[in-house]
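Chain by chain, the residues:
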Amino acid sequence: MSEFFHQYFDFHYMGEHFWEVLEAFLQNLLIFAVVAVLALTWGLILALLRQLPGKKFMPVRFFTIGYIDLFRAIPILIVILLISGGIPFLEFIPKDIRIPHWLGKPDPFWYGVAALMLVYGAFTAEVYRAGIEAVPGGQMEAARSLGMSHWQAMRHVVVPQAVTLIPAPMLNEMISLLKDSTLVSVIAFAESVLISRELLAQSFNSSALMLTGAFFILIILPLARVVDRLIARNQGRITRGSHIEVA
Amino acid sequence: MAAEPMVKLEAIRKSFGQLEVLKGVDIEIAKGEVVCVLGPSGSGKSTLLRCVNLLEPPEEGDIFIEGNDICKGPGSGSGEQSWRLDFVRQRVGIVFQQFNLFPHKTALENVTLAQEKVLGRSRQEAREKATELLERVGLGDKVDQYPERLSGGQQQRVAIARALAMDPQVMLFDEVTSALDPELVKEVLDTMRELAEEGMTMIVVTHELGFAGEVADRVIFMDGGVIVEEGPPAEVLENPREDRTKQFLGLVLDR
Numbered sequence: 001m002s003e004f005f006h007q008y009f010d011f012h013y014m015g016e017h018f019w020e021v022l023e024a025f026l027q028n029l030l031i032f033a034v035v036a037v038l039a040l041t042w043g044l045i046l047a048l049l050r051q052l053p054g055k056k057f058m059p060v061r062f063f064t065i066g067y068i069d070l071f072r073a074i075p076i077l078i079v080i081l082l083i084s085g086g087i088p089f090l091e092f093i094p095k096d097i098r099i100p101h102w103l104g105k106p107d108p109f110w111y112g113v114a115a116l117m118l119v120y121g122a123f124t125a126e127v128y129r130a131g132i133e134a135v136p137g138g139q140m141e142a143a144r145s146l147g148m149s150h151w152q153a154m155r156h157v158v159v160p161q162a163v164t165l166i167p168a169p170m171l172n173e174m175i176s177l178l179k180d181s182t183l184v185s186v187i188a189f190a191e192s193v194l195i196s197r198e199l200l201a202q203s204f205n206s207s208a209l210m211l212t213g214a215f216f217i218l219i220i221l222p223l224a225r226v227v228d229r230l231i232a233r234n235q236g237r238i239t240r241g242s243h244i245e246v247a
Numbered sequence: 248m249a250a251e252p253m254v255k256l257e258a259i260r261k262s263f264g265q266l267e268v269l270k271g272v273d274i275e276i277a278k279g280e281v282v283c284v285l286g287p288s289g290s291g292k293s294t295l296l297r298c299v300n301l302l303e304p305p306e307e308g309d310i311f312i313e314g315n316d317i318c319k320g321p322g323s324g325s326g327e328q329s330w331r332l333d334f335v336r337q338r339v340g341i342v343f344q345q346f347n348l349f350p351h352k353t354a355l356e357n358v359t360l361a362q363e364k365v366l367g368r369s370r371q372e373a374r375e376k377a378t379e380l381l382e383r384v385g386l387g388d389k390v391d392q393y394p395e396r397l398s399g400g401q402q403q404r405v406a407i408a409r410a411l412a413m414d415p416q417v418m419l420f421d422e423v424t425s426a427l428d429p430e431l432v433k434e435v436l437d438t439m440r441e442l443a444e445e446g447m448t449m450i451v452v453t454h455e456l457g458f459a460g461e462v463a464d465r466v467i468f469m470d471g472g473v474i475v476e477e478g479p480p481a482e483v484l485e486n487p488r489e490d491r492t493k494q495f496l497g498l499v500l501d502r
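Just so you know, the protein sequences line up as chains A and B, in that order.
The numbering used here numbers the first residue of the first sequence as 1 and each following residue consecutively.
The numbering used here numbers the first residue of the second sequence as 248 and each following residue consecutively.
Check each hint, because a few of them may be wrong.
Quick look at which bits of chain B chain A covers, simulated, 3 or more residues with Cβ under 8 Å [stated by the list, open to error]:
| id | segment |
| --- | --- |
| 1 | 273-283 |
| 2 | 355-368 |
| 3 | 456-466 |
| 4 | 474-488 |
Capping the alpha-carbon separation at 25 Å, the derived lysine-lysine pairs in DSS-like fashion look like this [as the list claims (entries may be wrong)]:
| id | chain 1 | residue 1 | chain 2 | residue 2 |
| --- | --- | --- | --- | --- |
| 5 | B | K319 | A | K55 |
| 6 | B | K319 | A | K56 |
| 7 | B | K493 | B | K270 |
By construction, these hints were calculated from the structure, which means they are not laboratory data.
The beta-carbon is built from N, C-alpha and C at its ideal position, and this holds for glycine as well.
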């Protein structure tokens, strides 16, 4: 039993490598932050393109739906490998773009960011869409009847209401994104899982991986409670008319 | 020779899938006229109203607003189509059964939003106009309230002010009192009555026979997607010619 404990919970070993692992974990947070901003924007653009009305925009809708279906179906790991293993060799792309070293970050960081953005854009687009479709159709009709264009109605009437409906499901996507930031380890970006695996290979001790896991749990558990609270708040909003007090 | 009709519908047809909802409807409405459209549910009266501002574009027939054909303009390109939409929506206001106020905006903001975004009025100008209109519908003390905090009747009056803020030539009312508690109906009808007295051209789909009898210049009774009978309220409501009208009025008055 003490052997098991030593393998997974060697606190001395954890202490020795604490700062190294924490620093690598900050790289996961950085990937998360950059992708979150990009994917939330890209997802909103996709969701809006998907809602464009009329025959004229059928190709746009078609493309958007195809994109979303495709990137929800393909494993993220494959997208990461396809980008990192292909883009650098496409010589028609300027070198600064195919092998990016922006903001002092190495190219695997950016390949990972790109892959996660492409995939999470598709997932967040679906969350936005659920929000947009939950806004009653009368809102769009009222806005259009007042002379607003489709875009104006979306921007000033529909989307502001849609985003108040979706924080809980969106936060779930973000939790998932934070965890998936570890996938960038497969293309040799030094984030927490890669560092912990190196330590495991050196010492045959799993405690560094356990420490990494603990960091994720520490960040994500409170977020899960936030999701619960957001759901409860929305429930309260729905039942408010029927005089049920949600304390 | 009378002036150009404000609104003229010619042989309007509209289907939803297999169901033909409007089977050739002709109506002419003069400037300043108040027309009430009555009929059982499913008779096509709401669809007809929604055709007039192209929320439901008709499949056949023509709609003229001040003599301009808004169904078939001189061209048929997409720019042309959006020009016709702008033309209609800036002249025709609509008020809905379910109010459809913007819940994330205050009463005042509901009335200013389209003024600023569509008509390009300054914030100051839009606010003055909105305040004046909200006072006119009796809600001068509610300008900063969100719709959630207003009664149904108050919400509907905000909706009327919102439509009026665009300076429409014609106002459409789609069963605007049907979703209201009985004691709130009067305040909305009073607002509409004032509007009629000020000379607004109005097309009112309603079940309020009292209002129709008192305010309308003309009553149209629809059933099965066609106009069954039309004429001055005294004739249609007191002495209907058609059996179908008699039957409907009998059912409604029996309540």
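Each hint tested on the structure:
1. 273-283: violated (count 0)
2. 355-368: holds (count 5)
3. 456-466: violated (count 0)
4. 474-488: That given contact is violated, which follows from only 0 residues of the segment 474-488 of chain B lying within Cβ reach (below 8 Å) of chain A.
5. B:K319 with A:K55: Cα-Cα ~18 Å, so holds.
6. B:K319 with A:K56: The hint holds at about 18 Å.
7. B:K493 with B:K270: 22 Å, holds
The structure shown violates the earlier hints numbered 1, 3 and 4.
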